[in-house]
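For this one, chain D is given, so just place chain C on it according to the hints.
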Amino acid sequence: MEVKYATDAQLQSIQGKRQMRQEGLRLFWRRLLANKMALYGGLIVLSLCLFVLIAPLLTKYTPLEIDPANRLQPPSSDHWFGTDNFGRDIFTRVVYGGRVSLIVGFASALLTGFIGMVVGLLSAYYRVLDHILMRICDGLLAFPDILLAIAITAVLGPNPVNVIIAITIVKVPAMARIVRSAALVVREQTYIEAIKAQGASAFRIIWGHIAPNVLSPFFVQVTYVFAAAIILEAGLSFLGAGVPAPEPSWGNILYDGKIVIFTAWWMTVFPGIFIVLSVLGLNMLGDGLRDLLDPHTNKAIK
Amino acid sequence: MGRYTLGRLLSLIPVLLIVAVIVFFLMHLTPGDPASIMLGPNATPEEVERLREELGLNLPIHEQFFDWFFGLFRGDFGWSLSQNKPVLQAIFEHLGPTISLSILAQSISMVLAIPLGIIAAKKRGTNVDRLFMILVMLGMAIPSFLLGLLFIQLFAVKLQWFPVAGYLPVSAGLWNHLQYMILPATALGIIQTAVIARMTRSSMLDVLSANYIKTANAKGLRDRVITYKHALKNAAIPILTVLGEHFGSLLAGAVVTETVFNLPGLGQLVINGIEKRDYTLIQGTILFTALVYLLVNLAVDLLYGFVDPRVRLNRKS
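Chains as they are written, first to last, in numbering that gives the first Met the number 0: chain D, 0 to 301; chain C, 0 to 316.
Since the hints were made in silico from the structure, they are not lab data. As the structure is a prediction and not an experimental result, all values here were calculated from the model. Take these hints with a grain of salt, some might be off.
Here are the computed lysine-lysine pairs in the DSS-like style, where the Cα-Cα straight-line distance is at most 25 Å [what the hints assert, rightly or not]:
#1 C:K122 to C:K213
#2 C:K121 to C:K228
#3 C:K228 to C:K213
#4 C:K275 to C:K84
#5 C:K213 to C:K121
#6 D:K257 to C:K157
#7 C:K232 to C:K213
#8 D:K35 to C:K121
#9 C:K218 to C:K232
#10 C:K228 to C:K218
#11 D:K35 to C:K122
#12 C:K275 to D:K257
Quick list of simulated restraints, FRET-style, between CB atoms [stated by the list, open to error]:
#13 C:D205 to D:L214: 23 to 31 Å
#14 C:L130 to D:L214: 28 to 36 Å
#15 C:E52 to D:L214: 52 to 60 Å
#16 D:L45 to C:L137: 15 to 23 Å
Even glycine gets a Cβ: it sits at the ideal position worked out from N, Cα and C.
This is chain C alone, in the form it adopts within the complex:
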């Protein structure tokens, strides 16, 4: 186990390096001088020159890269002009809503998808199954921000069950927090729900036709016990994989969904950065999300190897 973990950790290093290179050079694709763009048309040449110096833009490009790159290890993501604080601090201040949204969306999708998938698998070929497949296709075709807009119109403007937009942190009370989070989390979780439900259905179908299920049936075990104890447990591994793999896309979706509901998360931060042309901020935020994404995937991979010993053995060879 230790060796497997170490191997996975080491394989992360070249990817991290490439991620850093991509982010760095991306921001240098800017047509024209980033400093004068960031300061706007009213800036004097002296101000532009001062900012160029501050950002290190007057150094040769490889020196700029290494300065920036080694700064990252000290937790120095640069200074955000528009927020007037270090980029990393701005990121941490905006992290709460995004994390809360992603975790809630993931939970909602699991609670909805797994029972639905089991029902569809057990009713295979019936109209219930057909309706299920249609819903799954629809769920995968609707972008989360569009669903969010529709939810606002139906549940917040028409029915007035939930507030239209805004945010209260968990510290303001769990219910107050959830009131603002339920609509965005559901909207964000729908694609995930469709993907997991489909996976659950096909994985359950595979397992339900296995011989040990027939044996369990012949022994006269109750249907419930067979479905949940014998079948679901064995069907869970592919479902877990999908869960892990799609958590990253959930993070990405969260960024857009946040702006629909005016949640002050990472998405807002990036959009603000774009409006104010704060390249340091954009650079820092997307680098940060890529890091989180890689670490989440690593954690899922390790967990997966922990749950299913076969994975460990296969990957070693």
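Chain D extracted, bound-state conformation:
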């Protein structure tokens, strides 16, 4: 059996790389702490995620538990956010609904990011594909986003997975365009030419060398898509084209609340606060990340 030993030079280079990576990470943390916008935004998002994660510990009710004797109770020490027209505890529904809303938002952002990345990179690299893919994107962008999403869930049927699919279809074109325009700049760099001259495969150039260099605008956009997805999900569920009925989501609770809008303000206000908070947090995180990752502001911080 042949054993391979690393040479000293190789070891040094590995250590050097590790050191550089740690240095880079430390620098990133320092800047993150200095960037109040990203920091507070991140904290809001993180605490919301934590909040919905430990939901079962916070409440003695379950989200679907009906209690007809206590219908439409205003907020009290028993029911912090009041109850709805079936006597279900709104606080419990808001935390459990938060799980659905945040997961749908996150999954949509992830899927949009992935597909947008592939489409954007491919159309930046292959001219022929570019014409086809970008025209399809133009077509999709011509639809008002929520209307297209409604039509898609109406056809596929309203459930969380289809909501994710609908949001992804609606949000991919903008994502692909951003990745594409960043990748077009990278593609023209000398080092890409050098790698090409060395005979690297297209796959390696695209994924090994162009992709890492478009990550900054990519992550910023993913954050914005996450925020937009939460609003879209809420809108779809509010219209009855999203997460189906007894299951709670923030948009669903608002939908139930609309019927009793004359009496039960708490059914609108509390889920509303959570929607606004999560979108606000994500937008702040996105704005902060944009400043953080933009090389122009980097120089200013130094």
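For chain C alone, coordinates are given in the frame of chain D:
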């Protein structure tokens, strides 16, 4: 100018074609047979078969597409089963509230946003500016339908300043019409307000630091004249762009806001279509809005080239 206009018009054709293809195939993603879904579980097989024939579902798919596509040019968007009238007629009957809502929302947002943005730019770095930025962040984080629900609770249920929901057309008197429209239009316009106000602030900041503003100051011109005559005029171009670009999202928002206030607009039409599983109606309505959206964007683009000659020259090259 003529060539520029023609070029923009021609570039619309492939997009329109793709839009039509997307809408057509979207409706064919339906799991199962659209005809039996549209008629519900109580329909007899004969009824389903008749509807299939009526909708052309028994033809090969490419024939279906071309039949439908060329029908569009004759203004034939299909027959709506739930409304029992041609889809295009249903759309035109529901167009009034949506247009009125969008235009009002756009006006409200302009009236609010531009002065606010100017004030924030002039008070840069002060607490006024900070408060402004916080309000802008909040305005961009609140969905219009949620704001609409909150408005109903505060202004209609509690204070009773406005009717809760409903609609009267302009023909019933302008004030009667506006009474029903002010809350939804404000709710819809808030995001727009935040976006335009932020743009106004940053655009004004750019201009205010320019040399010709310093010169105007040194000449001893009054502050007012400098702000509105010298600065705002030059800051207006990016603001105009944002206005145009976001008019489309306003249309989309209008659809959801309408359902909050029970306005009988395009949004209601789509929602009804979904409840009744009227795919022809949904198909026609979203195709129609996409067309309007494209035409509005085209108009804004042309107008923009008209206002600022530099745009025309740049785009030609």
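Evaluated hints:
1. Pair hint C:K122 plus C:K213 holds up; C-alpha atoms about 17 Å apart against a cutoff of 25 Å.
2. Proximity of C:K121 to C:K228 is assessed by CA-CA distance (about 15 Å); at most 25 Å being required, the pair is judged to hold.
3. The hinted pair formed by C:K228 and C:K213 meets the criterion: a straight-line CA distance of about 14 Å does not exceed 25 Å.
4. About 14 Å separates the Cα atoms of C:K275 and C:K84, which keeps this hinted pair within 25 Å; it holds.
5. Taking the CA atoms of C:K213 and C:K121, the gap is near 14 Å; set against the 25 Å cutoff, the hint holds.
6. For the hint pairing D:K257 with C:K157, the CA-to-CA distance comes to about 15 Å; that is within 25 Å, so the pair holds.
7. About 16 Å separates the Cα atoms of C:K232 and C:K213, which keeps this hinted pair within 25 Å; it holds.
8. Straight-line distance between C-alpha atoms of D:K35 and C:K121 comes to about 24 Å, which keeps the hinted pair within the 25 Å bound.
9. A threshold of 25 Å between alpha carbons decides the hint, and for C:K218 with C:K232 the separation of about 19 Å falls inside it, so the pair holds.
10. Proposed proximity of C:K228 and C:K218 is supported: the alpha carbons are some 15 Å apart, at most 25 Å.
11. Taking the CA atoms of D:K35 and C:K122, the gap is about 22 Å. The hint holds against a cut of 25 Å.
12. For the hint pairing C:K275 with D:K257, the CA-to-CA distance comes to about 21 Å; that is within 25 Å, so the pair holds.
13. At about 29 Å, the CB distance of C:D205 to D:L214 agrees with the hint of 23 to 31 Å.
14. Judged by the Cβ atoms, the range 28 to 36 Å given for C:L130 and D:L214 holds: they are separated by roughly 35 Å.
15. Distance hint check: the CB atoms of C:E52 and D:L214 are about 54 Å apart, consistent with the given range 52 to 60 Å.
16. Between D:L45 and C:L137 the CB atoms are about 20 Å apart, so this pair conforms to the stated range of 15 to 23 Å.
Of the numbered hints listed earlier, not one is contradicted by the structure.
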